[in-house]
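*Asks:* Sequence:
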Amino acid sequence: MNWTIYLAGEIHSDWRTQLIEMINERNMPVLCTGPAIDHEASDNCGVAILGEEESSFWKDRKGAGINAIRNRTLIKQADVVVVKFGETYRQWNAAFDAGYAAALGKPVITVHPEELDHALKEVDEAANAVAREPGQVVEIMQYVLTGKLP
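Numbering-wise, my numbering puts 32 at position 32 of the sequence shown, and it's gapless, one number per residue.
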């Protein structure tokens with residue numbers, strides 16, 4: 001059985017690449033999907049496709065709407081949603097994706113450092129697991145897929 005994991009959240013590090021490489025090294029039957037991670041393309045897709053806006057509110061609204069088509073569709077198709085929170089930026093979109101996935105009844109794994117435990121306590125309460133690093137996500141998935149400890 002092949003599983004699909006949606007990789008939500010932080011786009012300023014290579015955590016997705018690390019996680020995917022570990023999954024591939026273990027030959028796990030997993031397909032990883034996620035949001036557009038080209039920050040500039042994500043921010044500007046609305047005006048690039050639908051036309052310029054004078055107001056940054058409407059520019060952002062256009063882009064968010066288009067990005068939501070991709071993100072919501074892929075989250076609905078996912079078997080598991082992994083949400084990474086980084087230390088540098090406030091990631092409201094990541095919290096939204098976690099809540100959306102939880103509302104759909106999708107299993108959620110959050111990934112973040114201990115320093116964010118308090119700020120993310122409600123998100124973590126809705127998650128099925130809280131990992132500190134991508135390697136732990138791979139070990140969780142290895143266990144879920146095989147029923148065996150790593």
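Read the hints as simulated data drawn from the structure, not as lab findings.
Do not take every clue at face value.
Claimed, not checked - Listed below are the simulated BS3-like cross-link pairs for lysine-lysine, each with C-alpha atoms no more than 25 Å apart in a straight line:
#1 K106 / K59
#2 K62 / K76
#3 K106 / K121
#4 K106 / K148
#5 K121 / K62
Since the model is a prediction, treat every value here as computed from it, not as a measurement.
*Asks:* Identify every previously stated hint that the structure contradicts and give their numbers, smallest first.
*Replies:* The structure breaks hints 1 and 5; every other hint is satisfied.
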